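Asker: The chain contents come next:
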Amino acid sequence: MYLDSKIAQLLHDEHQRTVDLMNRLEEAVTGRQTKTAPANDDAATTALLADMNAELQATTGHHFNFEEDNIFPALTAIGDVAIPYILRQEHDLLRNLSEYLLPVVEKARANGFTAESWAEFCELALELVERQISHIQKEEMGLLPTLSGLFEDDRDGELVMLYAEAS
Amino acid sequence: MASGATAFLGSASERLLPLSLPFRFFAAAVVFHMAAWVVLALGANDLPDYAGGGGPVLAAIHLLTLGVFTMSAMGASLQLLPVATLQGFAAPRLIAGIWWLFNLGSLILALGMYFFWHRAMAAGGTLAGLAILLYLWLLLGNLRRGGALVAVVAHGWLAVAALLGLLAVGLALIVTQEYGIFADAQRSAVSHMLVAAYGFMGLLAFGFSYVLVPMFALTQVPGQKWALASLGIGAIGLVIGLFGAWFGMDLCAAIGGCVGLLAAMIHLGLMVQALRERMRKRLGPAFILIRLAWGLLPLSLLAGIAWALDLLGARGGVIFSLSLLAWLLTFLLAILQRIVPFLASMHAAIAIKHRPPTVTALTAQMPLNIHMYCHCASLLLLGVGIIWSQTLIIVVAALIGLVGAGAFAWFFLAAVRRYLAAVVSA
Chain A
1 MYLDSKIAQL LHDEHQRTVD LMNRLEEAVT GRQTKTAPAN DDAATTALLA
51 DMNAELQATT GHHFNFEEDN IFPALTAIGD VAIPYILRQE HDLLRNLSEY
101 LLPVVEKARA NGFTAESWAE FCELALELVE RQISHIQKEE MGLLPTLSGL
151 FEDDRDGELV MLYAEAS
Chain S
1 MASGATAFLG SASERLLPLS LPFRFFAAAV VFHMAAWVVL ALGANDLPDY
51 AGGGGPVLAA IHLLTLGVFT MSAMGASLQL LPVATLQGFA APRLIAGIWW
101 LFNLGSLILA LGMYFFWHRA MAAGGTLAGL AILLYLWLLL GNLRRGGALV
151 AVVAHGWLAV AALLGLLAVG LALIVTQEYG IFADAQRSAV SHMLVAAYGF
201 MGLLAFGFSY VLVPMFALTQ VPGQKWALAS LGIGAIGLVI GLFGAWFGMD
251 LCAAIGGCVG LLAAMIHLGL MVQALRERMR KRLGPAFILI RLAWGLLPLS
301 LLAGIAWALD LLGARGGVIF SLSLLAWLLT FLLAILQRIV PFLASMHAAI
351 AIKHRPPTVT ALTAQMPLNI HMYCHCASLL LLGVGIIWSQ TLIIVVAALI
401 GLVGAGAFAW FFLAAVRRYL AAVVSA
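So the protein lines, in turn, are chains A and S.
Residue 65 in my numbering sits at position 65 of the first sequence, and the numbers go up by one each step.
Residue 18 in my numbering sits at position 18 of the second sequence, and the numbers go up by one each step.
Simulated from the structure, these hints should not be mistaken for laboratory data.
Among the hints, a few may not be true.
[Claimed, not checked] Chain S stretches covered by chain A per the calculated footprint, using a threshold of three residues with CB under 8 angstroms from any CB of chain A:
1. 117 to 129
2. 270 to 282
3. 356 to 366
[Claimed, not checked] Pairs of lysine-lysine residues, derived as DSBU-like cross-links and limited to a Cα-Cα distance of at most 30 angstroms, are as follows:
4. S:Lys225 <-> S:Lys281
5. S:Lys225 <-> A:Lys138
6. S:Lys225 <-> A:Lys6
None of these values were measured; they are calculated from a predicted model.
Where is the CB? At the ideal position from N, CA and C, for every residue including glycine.
Bound conformation, chain A alone (with noise of 0.2 angstroms):
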């Protein structure tokens, strides 16, 4: 369905990516394993850790400002308010959640988890990954389908490029 528009087939592979971190996050911190921090060389947490910097620092925010500065005004122009601003709450408040995580990560990457910073960690990821999810749904099922008749061909292509230019 969403490969009638090229921008909505690429942000859905954006959203695959961000579900597949979102999956291994949530692995990662529920279950009987979480009880104790893992161990400062456990590979699997210290790629994690790696994957979720890159995406809290640029990755997430890239996405969201190009969905505010290009998808949503165009929505707003043919009358539909409420899908683009709950969005855009959204997206505010993911910058918010990611902004107390990130030096939660940058702390583990350098000296591994204590106790405490473990179950912040997991607190704050649990969050993370519930909203992130939550987030994605509205957009597979309220926003990209819109958009195969919201932009002409041309302008369809513009976007694709717009996005890989900034990212």
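Starting from the known structure of chain A, fit chain S onto it as the hints suggest.
Answerer: Same frame as chain A, but now just chain S:
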């Protein structure tokens, strides 16, 4: 900004309805769900050998089909259809009016059926019918704009046609009890049930599955070609089955069931494929019920085929009806438990700028667990009670079902209470 955004809700270009509109339909469905189990317990003695006609069994069936299924379908379709057609409903007062009319009509109709009061049945049927016609008018206005999700819109069109058909036959069945229009009222009643369950509710369930399952599981929307193939084959199967049921041609009815089974298998294949390709690994407890419903769908068709071929004995009709209603009820309650907190969280995001509650925070999981166990146990016991003609088992099943329905009401109230508490404290 929150108030500014809220002010736009309800405009024709706006796809998000005010929360109170879909939620009033869901709240009524929750109450009718409990009422249906109570009335079924009262009519337990009649259930195993029920072959049509007024009384508690007919009332319980209509509390379920009108009060729970159609009520939820109205609430869900009014919110979900704009997702498919990309066009909102700009008629909040009319929607509220439909809700009042349909509640009143369903209640009076069920009372009339319970006590076999013909005038109450006629009055209730007329009110509910009027509400359905107004709802259809809204639906048609939205569907004719087309939209991005062609398969969902196509399912909507055929569901509208089925709703018109079941309404006409349903009202005629009420009249026939006094004036005898139909030569064989039982066959007409079976046709009415087939159009209602597989036609209206079934097609809506199939169509909205192509929106909701991909959304919850985060997967691609199934291929339009196969979804439309399932719809076309299903419609052909329904027409053949109806022809057989109406004219007493049992082999024809069974063939219709087989064609319907093919359509169901294509639909289920698309759903399984969608889940295999999903991004979200953890689907949550609701998908246990969704999978159960997916199992009950072909089971209902197999039971229908076996009944048409006279392979199920004297209680074939009741066994078929049970599996049919069990499929729809299971599916609907699974979907409701996902969309109630999801919609509440969306509206919370409008009203609350700083950390609105998450879906998990709005979901009371314990009552949902209680509901799931009670729901499964009650369906199983109902089957056993019907097959062995044991009134006591049926009463126990209905009471367990009532506990489950109560737990579901607890979940719904908790979601509303948590949403309101979050909004008030923000």
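Asker: Could you run down the list of hints and mark each one as holding or not?
Answerer: Structure-based check of all given hints:
no.	hint	result
1	117 to 129	violated (count 0)
2	270 to 282	holds (count 4)
3	356 to 366	holds (count 4)
4	S:Lys225 <-> S:Lys281	holds (26 angstroms)
5	S:Lys225 <-> A:Lys138	holds (25 angstroms)
6	S:Lys225 <-> A:Lys6	holds (21 angstroms)
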